[in-house]
Amino acid sequence: MNEKLGTGGLILNEPLLWHKGKKGRIGMSIPASDVPAAAIAEELLGNGVDFPDLSEVDVVRHYTRLSQWNFGVDTGMYPLGSCTMKYNPKTNERQAATPEIAGAHPMLADALCQGTLQILYELQQYLATITGLDAVSLQPAAGAHGELTGMLIFHAWHRSHGAQRHKILIPDTAHGTNPASAALCGYKSVPIPSDEQGMLDPALVAALMDEDTAGIMLTNPNTLGLFEEHILEIAKIVHAKGGLVYGDGANMNAVLGVIDAKKCGIDVLHLNLHKTFSTPHGGGGPGAGPVCVTRELAPFLPVPRVVKEGAIYRLEHDRPQSVGRIHGFHGNFGILVRAYSYILTMGEAGLKKASQLAVLNANYIKEQLKTVLHLPYDRPCMHECVFSDLWQQEYKISTVDMAKRLIDCGYHPPTIYFPLIVHGAMMIEPTETECKDDIDQFIDTVKTMVQEAAEQPELLRQAPQRTKVRRLDEVQAARCPCLIGPTGDDQ
Amino acid sequence: MRYLPHTPEEIASMLATIGKESLEGLFDTVPTDCRMTTPWSLPAPKSEWELDDHLRELAGTMRAGTDAKVLVGAGSYHHHIPETVRSLAGRSEFSTAYTPYQPEMAQGTLQGIFEYQTLTARLLGMDVVNASMYDGASALAEALLMGLRIAKKKKKVAISKAIHPHYRAVVRAYLRPTAYEVVELDYLENGRTDLSGMADLEDIAAVALQSPNFFGVIEDLEAASVAIHAMDALCIACFTEPLAYGLLKNPGQCGADIVCGEGQSFGISRSFGGPGLGMFGCREAFTRNLPGRLVGETKDLEGRRGYVLTLATREQHIRREKATSNICSNQGLCAMTAGIYMASLGGTGIRQLSRLNYDKTQYLKEALIRAGARIPFAGPVFNEFVVEFPRDFGPVSERLLAKNIVAGLELGALYPELAGRYLFCVTETITKQTMDTIAAEVRA
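Chains A and B, in that order, are what the protein sequence lines are.
If you count by our numbering, then the first sequence holds residues 263 to 753, one letter each, in order.
If you count by our numbering, then the second sequence holds residues 172 to 615, one letter each, in order.
Please note that a few of the clues may not be correct.
Stated by the list, open to error - A few chain A residues facing chain B, derived, Cβ under 10 Å:
{"hint": "1", "residue": "329"}
{"hint": "2", "residue": "376"}
{"hint": "3", "residue": "379"}
{"hint": "4", "residue": "414"}
{"hint": "5", "residue": "438"}
{"hint": "6", "residue": "440"}
{"hint": "7", "residue": "542"}
{"hint": "8", "residue": "546"}
{"hint": "9", "residue": "547"}
{"hint": "10", "residue": "565"}
{"hint": "11", "residue": "582"}
{"hint": "12", "residue": "584"}
{"hint": "13", "residue": "605"}
{"hint": "14", "residue": "621"}
{"hint": "15", "residue": "698"}
{"hint": "16", "residue": "707"}
Stated by the list, open to error - Taking lysine to any residue pairs in the SDA-like style, the calculated list, with each CA pair at most 20 Å apart, reads:
{"hint": "17", "chain 1": "A", "residue 1": "709", "chain 2": "A", "residue 2": "438"}
{"hint": "18", "chain 1": "A", "residue 1": "352", "chain 2": "B", "residue 2": "223"}
{"hint": "19", "chain 1": "A", "residue 1": "450", "chain 2": "B", "residue 2": "323"}
{"hint": "20", "chain 1": "A", "residue 1": "266", "chain 2": "A", "residue 2": "721"}
{"hint": "21", "chain 1": "A", "residue 1": "570", "chain 2": "B", "residue 2": "228"}
{"hint": "22", "chain 1": "A", "residue 1": "632", "chain 2": "B", "residue 2": "188"}
{"hint": "23", "chain 1": "B", "residue 1": "536", "chain 2": "B", "residue 2": "567"}
{"hint": "24", "chain 1": "B", "residue 1": "603", "chain 2": "A", "residue 2": "632"}
{"hint": "25", "chain 1": "A", "residue 1": "698", "chain 2": "B", "residue 2": "173"}
{"hint": "26", "chain 1": "A", "residue 1": "698", "chain 2": "A", "residue 2": "349"}
{"hint": "27", "chain 1": "B", "residue 1": "493", "chain 2": "A", "residue 2": "438"}
Said to hold, decoys possible - Footprint (simulated), chain A over chain B, 3 or more residues, beta carbon under 8 Å:
{"hint": "28", "stretch": "295-307"}
{"hint": "29", "stretch": "438-446"}
{"hint": "30", "stretch": "496-506"}
{"hint": "31", "stretch": "543-551"}
Worth flagging that the hints you see were computed from the coordinates, not collected in a lab.
Glycine included, each C-beta is placed from N, C-alpha and C at the ideal position.
Build out the structure end to end from the sequences listed, making use of the hints.
Given below as structure tokens:
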């Protein structure tokens, strides 16, 4: 296919909800009352809610038009580094919508919800076998929530060993959630710089690790898309000083079936089901961030735990060492059902193949683009590769201009300006579900764009031009925040 | 495998480009000692049709199936969900998009969330509402942390014992590693929170109440906020049933400074408790202390209205360990869903639906009283209430279950002092006929 992907199209304008409708319309059916009206004390009554009144058609047109201003994985390639924007299978949506499952109430007796408990129990077992760890909690609602749970486990474990610690080691390549999650548990982050190969140096870890340090949080493969080759040695250093090793599994899509987290010396690992296990990102959530731990840390996992006795599944609450409850109910259960469906569809061979192809796609892109874009760490990568805008600076073109030009070409841009240690970073993660033809077309597009940067730089600086809106004034948005629409007479 | 598009020829050609012999060779940088060598204990892969069968089989083991009448709320409510909500929120342009970091190609998500923020702010009576938190429970924990940040030097927060027990458990878990202390306020004989001892407490940054509370009782938030402000603390109002504010005074009107709670009632299926929607708002003065994402309005290069994520300097990806929270995502699609639901109901509809929930609840309450039951808490209720039966309710509950009616939640596990009492919930999905059946069984 030689035809260019990005083209113009008819985009319809659509006002804000409160500029539509007429008082007295309604967009959903409300059952007629079959009981008498009851008295209510005047002082409890509100004045009514100032929502616009819309018909069903008003609502349908409104949200359909809004959806057409969006770009999703179903629309096209979304090589957003560290986000693993793989295809989200349709059957998973169907399974999560199974009426008995979607309608299950979370507070009923165990005997009434054996099916949902079985899903939780089996998914725990599957994630344990996949990571090599022993026990799993599915409660965390997102990756950062998993990190917080992990830090709570660190804290509880150290408390059970008599002495609380106050610091935690975090590499400079880490995602911002790592230090923020550790801070919630009172840990002060001690940054560790990575070396010129993009690796963590065990000698540096040894120099920083002491008896007041709770442990280390590391992402492997790291956010440069490289495998931390000294992980085992680092884990030994941390363990020798009585610390624990936290593995941020955000990049697990690279290494399914390749690494055994326990053998790597990892004590606690979170997984992002919305990355590796194909659940949709939903425009920012809901995701799910289960934590997997070693046998020694299992007593500290959140309660309730799902256990199986004979053929019966039940919730167990009585775990005195547990960090407690971190979600109102059982986590983002609907997301868990999708991941469960994905694992059952893929099986062992399919999951392992997925990682192989994800790494193949990333290395293929890296090899072909390193002649036109600066590649700061020229080593075999895992599932993503990180370029910079160094070679485009002479044309006064920066990463953001290239990202915006890619939008006009019909692609979601890569992750930009992360990791922070690469100036003007562009992090490309194609995932395994993109085929060679589409990747070849993407590579051609980037090469053309690089040429445009030299020959027609305005094309990049003015991009995007084919979208509903052009570049937006983010400074203005932050300086004079307008966070909700007008109320009352100002509407 | 239908999700993996590579043919063997393509793999060979791509490997040749990279200069690798095999797919396994891509992992040469992974040390041998770290390798996975144990085979996995996973079932054999299932076809799409086998997966359908498997889930159908699991669904069949759910004793409270789709035709069951569930009169249990306790933070998870059964309301009718219009097909439009399911169908619009299910559009894959919304569901398969990432966080709108590239606003030019995510205006759908952004305008939708801006509208959600606006409608939620109007519902709660708040000046600002964020793009959502994980759920009601974590939203409460974050609200208390926010209160502590605003108060700076103070080290304690007080929470009502009539707040959902699971929410209180989450608060304890979040605050346990910190130097902060959580004080619990008992409830009175009428089911409302006892504020009488509060004035003696010192060093309190914020006080949190739920209204309607876990017992369904509507708190006197106005009086509470006056008392809380008098001790120079912030008033946090929490909720599990936002539909109540279609009828009742909203927390902002009652003087709350921060409002947080669960938005599942608005078009989101119960789904065994998640995903839900942590709604979170505050007064304007506290905007820069808010946790979580915010969408704001701005203009593009040509002066057209558009939306972006904003005030990111509060957030972890900029501020790292100094961020207002570690939260990175929101429950984006759930917020969108709630927005669609609120738009479908409208101002007229939400009043009507809210009223219907209220009326039906009063009906069951009175029917049970006539059947000999006692209502231990005299405070006014919205769509939940606690019941005490003259005799052991266990056998009645079993008989009702045989008729596919799940009648109430026994409270002993959550409040030992209320053992034998049941928390009932009535929404628009419960007919008079079902309620009459329950009353008849109680009388029998």
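The hints, checked one at a time:
no.: 1; hint: 329; in the structure: holds, 4 Å
no.: 2; hint: 376; in the structure: holds, 4 Å
no.: 3; hint: 379; in the structure: holds, 9 Å
no.: 4; hint: 414; in the structure: holds, 6 Å
no.: 5; hint: 438; in the structure: holds, 4 Å
no.: 6; hint: 440; in the structure: holds, 8 Å
no.: 7; hint: 542; in the structure: holds, 4 Å
no.: 8; hint: 546; in the structure: holds, 3 Å
no.: 9; hint: 547; in the structure: holds, 4 Å
no.: 10; hint: 565; in the structure: holds, 8 Å
no.: 11; hint: 582; in the structure: violated, 14 Å
no.: 12; hint: 584; in the structure: holds, 9 Å
no.: 13; hint: 605; in the structure: holds, 7 Å
no.: 14; hint: 621; in the structure: holds, 5 Å
no.: 15; hint: 698; in the structure: holds, 4 Å
no.: 16; hint: 707; in the structure: violated, 15 Å
no.: 17; hint: A/709 / A/438; in the structure: violated, 31 Å
no.: 18; hint: A/352 / B/223; in the structure: holds, 12 Å
no.: 19; hint: A/450 / B/323; in the structure: holds, 19 Å
no.: 20; hint: A/266 / A/721; in the structure: holds, 16 Å
no.: 21; hint: A/570 / B/228; in the structure: holds, 18 Å
no.: 22; hint: A/632 / B/188; in the structure: holds, 13 Å
no.: 23; hint: B/536 / B/567; in the structure: holds, 17 Å
no.: 24; hint: B/603 / A/632; in the structure: violated, 71 Å
no.: 25; hint: A/698 / B/173; in the structure: holds, 15 Å
no.: 26; hint: A/698 / A/349; in the structure: holds, 15 Å
no.: 27; hint: B/493 / A/438; in the structure: holds, 10 Å
no.: 28; hint: 295-307; in the structure: holds (count 8)
no.: 29; hint: 438-446; in the structure: holds (count 7)
no.: 30; hint: 496-506; in the structure: holds (count 10)
no.: 31; hint: 543-551; in the structure: violated (count 1)
In terms of the numbered hints stated before, the structure departs from hints 11, 16, 17, 24 and 31, listed from lowest to highest.
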